Amino acid sequence: MAAAPVTDRLLDQFVTALTRRKASCEVVARADAARAGARWIADRGVVRAVLADDPVIQGIGLPDALRAAGVDPIMWPTSLGRREQLGLEGPDDVCGVTAPALAVAERGTVVLEAAPGHGRAIDVASRHHLAVLPADRIVETLGEALARTYAPGRAAPSAVSLVSGPSRSSDIEKISTLGAHGALTEHVIIVL
Amino acid sequence: MTRPRRGTSTVAYGDVTGTLRERTVEALRDPTLAANLRTAGESWGEARDHMRSEYGLDDMRARARDIRRGNIRRLPELLTELQSNVRANGGVVVRAADGVEACRYIVGLARERGAHVVAKSKSMATEEIKLNEALQGAGLEVVETDLGEWILQLAGQHPSHIIAPAVHLNRDQVAALFREEAGRDDIPSDREALVAHARMRLREKFAAAEIGISGVNIAVASTGTVCIVENEGNARLVTALPRVHVAVMGMERVVADWDEAAHLLQVLPMAAIGQDAANYVNLITGPRREGEQDGPDEFHLVIVDGGRGALRGTEFEEALSCIRCGACLYSCPMWRTVGGQAYGSPYSGPIGAVITPLLEGPSSPGSRDLPFMSSLCGACHEACPVGIPLHDLLVRARARASSPGTRVAGVAFRGWSLLWRHPITYRLSTAMGRLLLRIRGRDGWVRSLPGPARNWTDQRDIPTRWPPRR
Amino acid sequence: MRTCLADAIAPSVWKCARRALARAGVDVRVPRGQTCCGQPAWTAGHPDHARAVARHTLKVFAGTDEVVVPSGSCAAMIVHAYPEMFAGEPEEEAARDLASRTLEFTQFLARHGLDPRPRAAGSVTYHDSCHMLRVLDEKDSPREALANVPGAELVEMERTDQCCGFGGVFSLDFPELSGRLGEEKARAAAATGADELVACDLSCLLHIAGRAHRTGVPVRVRHIAEVLGS
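Protein chains in written order, with our numbering: chain L, 1 to 192; chain S, 1 to 470; chain C, 1 to 230.
Derived from the structure by calculation, the hints contain no laboratory data.
Owing to the predicted nature of the structure, the values given are computational and were not obtained by experimental measurement.
In this text, a Cβ means the ideal position worked out from N, Cα and C, and glycines have one as well.
Any given hint could turn out to be false.
[To be verified] Derived DEER-like restraints, expressed as beta-carbon distance ranges:
no., chain 1, residue 1, chain 2, residue 2, range
1, C, P218, S, A97, 56 to 62 Å
2, S, G433, C, R32, 15 to 21 Å
3, C, D27, S, P31, 53 to 59 Å
4, C, R96, S, G156, 53 to 59 Å
5, S, H116, L, A31, 47 to 53 Å
6, S, G156, C, K59, 56 to 62 Å
7, S, G313, L, E144, 35 to 41 Å
8, S, G433, C, H80, 26 to 32 Å
9, S, R29, L, T141, 48 to 54 Å
10, C, G25, S, A35, 49 to 55 Å
11, L, D72, S, R184, 30 to 36 Å
[What the hints assert, rightly or not] Just a sample of chain S residues kept apart from chain L, beta carbon distances all over 10 Å, derived:
no., residue
12, V93
13, R312
14, H422
15, P452
16, T457
Let the sequences and hints guide you as you build the complete structure.
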C-alpha cells in the first residue's frame, strides 16, 4: 500500500482537514508513537481498549505502552459479546484502536478496511477512536484512495469505512450534535 | 392516525388525509413548523453557498449530471454487472419488480431465519415499499436507528425530508417522546442529554437484532459494492452486528466504476448538507470473509423496479438521475413553507412531486395534484447537483395528469385558445376584462370575483388602474 | 411584444416600454394583431392549446427584427419553451428563429448600450422574478438600467431571489400558499423602506400588490418599463 513519503503540503492539508472535521491529531516520530497513543487514551479516563491486530499497531509497541499506562489492551478478534462491544455491559468508556489502510488529505478521512485482524466496527462500537496512521499512507483525493482500494486484481474488502471525524447527528433542531451512535472522539497518531 | 379518505396507491402514506390543498392550508396554520423549516432551509442555504464559493460545487455539477445520464442509459448492463459481482463476493441478489415482491422476499427471509428484531438504517426505498408495515404485520419488531427516523417512529409520523427527517420537531417535543418510550420522567430536554439517551436505547436494539436493513446511496457495478452514506454511525452498526444484512435499493442507483463513485460521493454531502464530507461512508461488498469476526454471515441486495424502468426512454428519464440528496427540497419555496408531510408521500419536494405520480400512475388521487403544487420558480433545478430540469419535468407531469380538475381546465383552455388565436376576439376579451374590473372596482380595487376567479380574489385584491393607487 | 397581461390590465407598461425605446433612438413597431405567447396553457399542462395560440404569435412576428418583450416570463417562454413546444412540428424552424431574436426589455437595452433617458425616481427595491433570474439567467440588466435613473437609489431586499408565489395556475390551485409567499415578498419589500418595488414582470407585481393591498402592507409598485419610460 505504501508509496512515496508524504510531503509537508499533504500533511498540512490532512491536519487542517481533520481539525475541520472535529478530530484531533498529532504528528510523531515512530519511536514516540506508542507513548503518544497510550497517553491520549489514558487521558480520556478509559480503562479498556480494543485494538485491531495489525502490524502497524503491534510494530510500534502499543499494547505494552497501554498496559504501562493502566489501560487493558484487548486484541482483535476479542471474546467480547455484542453487548460488551457496544458498552451496554462492562465499561462503556472503551477506546477502539484502528490502523487505517489509507487517509485522504483533502477531506480529513481515514480509510478502514475489514480483515480477520481488523474488525469492521471497532471504532464505531466504542466511545473513543484512536487511529494509528503511517504518514506515507496519506493520499490527496478521495478518487485516489478509492482507486487504490479497489484496484483491479485486488480482492475487494468485505467492508471499507471512510471515517471523517467523530459521529454527528443533526436531527434535533437541525443543529449538529456529536456522538449519536459512533465514537464521540477521534484522534489520529500520524507516524512519520 | 386516521385512515385515508381516498386512493389505495402503493406509494402514498397510509395516514394521509384530505386533499393536497387542504394539507397545505393546515401546514400554513402551524407557526412552529414555519419557524423550524425556515431555520433548516436557511442554515442549509448558507452551508451550500459555502460549498459553491469555497469548494467548487458548481464545477462538479456538469460531470455529475453526465455520469448519471450515462448510468441511466446503460442501466440494464450495469445492473447485470452489479448482480454478477455481488454474487461473486458471496452475496445474494434479488430483482423485485415492485414493492410487494420486495417485501415478500424480505419478510420470508426474516421468518426463515427466525428473527424477532430488525434494526434499520434510513432508507427512502423501504418507506416507498412500506417494508416496516410488512415486517410488523409478520410479528417482527422493527426499530429505526437513525435518530431522526426513530423520533418519528415514536411519534407515529412520516419523515418530512429525505436527509433530516425530523426537521419539523423541536427539542421539547423530542424529550416528551423519549420519556414516553422509556417510561421515565427524568430525561432532560437539552440536546446532549437527548442524544445520549437515544444512543443507549438504540444500542440495545443493535445488540438484539438478527437482521439489519439498510438503504443504498449508490451501488458500484465494477466491484459489486454498495455505498451507504451517513453521519451518525447507525448504518455501520446495522451492517456490522446482525447476522443478516439486507440492502434495499432503487434500480436506478447504480454507477459504473469507482471514478464515477468518487465524484458522486463528493457531490452528495455538498449538496445534501453543505459539507465536503459525510462522517461515515460504508462500502460493502458481500458478507464477511472467512476469518473475520464481525460483519454479517449473509448479504442480500434487493433491487426494486417499482415503475422506474418504465421511465427510461421517456420525457421523464432524467428524473432517474436523482441521487436523493434533498437539495431541491431545501431550495423549494413550497417545501420551505409547508414542509414535507403535506405532500403525503415518502418523496416530497420537487423530486417527489415529479416521481410520485409517475410511479403511482397519472390518475392516482393520492398524487396527481402534486405537480401543480409548485410555482415553477426553478430554484430546484438550480440546486440539483445532477442538473435535473425539475421545473420542466413538473410542466410535463402536469400535461400527463388526469383528473376531473384537469379535464375542466382543458375545456377552459380550449375556449381560451379559440378566442386568443384571433386578434379580434382577443382584443374583445381583453377589453371586456378591463370593463369587468372597472365595473366591480371600488376605490380603484376589485375585492371579489365570481366563479373560478374567486380563488384569486380570496387572497388578493385586483387593481383597476395601473400603476395601482394606494 | 405588448404581452396579454398588459393588454388586459396595464397598457401603460407596453406604452412606456415603447416610449423608452423611442427616446433611446430605436425604431419601434408594435404589430397590431398580436395576442399571447401561450404560457398560461403551457405551464398548466395543456400544450396543444398553448401551441394553437403560439402559432399565431409565430406568424405575427415572423421575419421581424429583434423582438423586445417587457416581461421576463414571456421572453423566457419564447426563448426557452418554444423550441420544445414546436419540436417535430412544421413550425420548428420558425420557433427557433423567433427564440433566437427575442429579448426581455432591459436585456435589449443592455445589449445595445441604449439610454432611454428616464425621468428621476426615488429609492427602489427590485424583485428578481424567477423566469428572469433562472431561465434567462439575468440579474444585471435591470439593475444597470435602474442605476442610470437619476436619483434612484437601489435598496436590495432580503431574499430578493425567492419566488413571489404567483406561478401561473398555481395561484388559483393553491391560493393560500401562493398568498403566503406573496405576503412574505411584500413585507420584505416594505422592510427596505424604499419608495417603490420594481420588477420586470407584471404578473409578479399584480400578485404582490394585490396581496399587499389585501393584508395592509404598504407597498407601491411599478413595472420597470414605467420607471424607464415614464
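These are the hints, each one checked on the structure:
{"no.": "1", "hint": "C:P218 - S:A97: 56 to 62 Å", "in the structure": "59 Å, holds"}
{"no.": "2", "hint": "S:G433 - C:R32: 15 to 21 Å", "in the structure": "18 Å, holds"}
{"no.": "3", "hint": "C:D27 - S:P31: 53 to 59 Å", "in the structure": "56 Å, holds"}
{"no.": "4", "hint": "C:R96 - S:G156: 53 to 59 Å", "in the structure": "54 Å, holds"}
{"no.": "5", "hint": "S:H116 - L:A31: 47 to 53 Å", "in the structure": "52 Å, holds"}
{"no.": "6", "hint": "S:G156 - C:K59: 56 to 62 Å", "in the structure": "59 Å, holds"}
{"no.": "7", "hint": "S:G313 - L:E144: 35 to 41 Å", "in the structure": "36 Å, holds"}
{"no.": "8", "hint": "S:G433 - C:H80: 26 to 32 Å", "in the structure": "27 Å, holds"}
{"no.": "9", "hint": "S:R29 - L:T141: 48 to 54 Å", "in the structure": "49 Å, holds"}
{"no.": "10", "hint": "C:G25 - S:A35: 49 to 55 Å", "in the structure": "53 Å, holds"}
{"no.": "11", "hint": "L:D72 - S:R184: 30 to 36 Å", "in the structure": "33 Å, holds"}
{"no.": "12", "hint": "V93", "in the structure": "16 Å, holds"}
{"no.": "13", "hint": "R312", "in the structure": "28 Å, holds"}
{"no.": "14", "hint": "H422", "in the structure": "55 Å, holds"}
{"no.": "15", "hint": "P452", "in the structure": "40 Å, holds"}
{"no.": "16", "hint": "T457", "in the structure": "38 Å, holds"}
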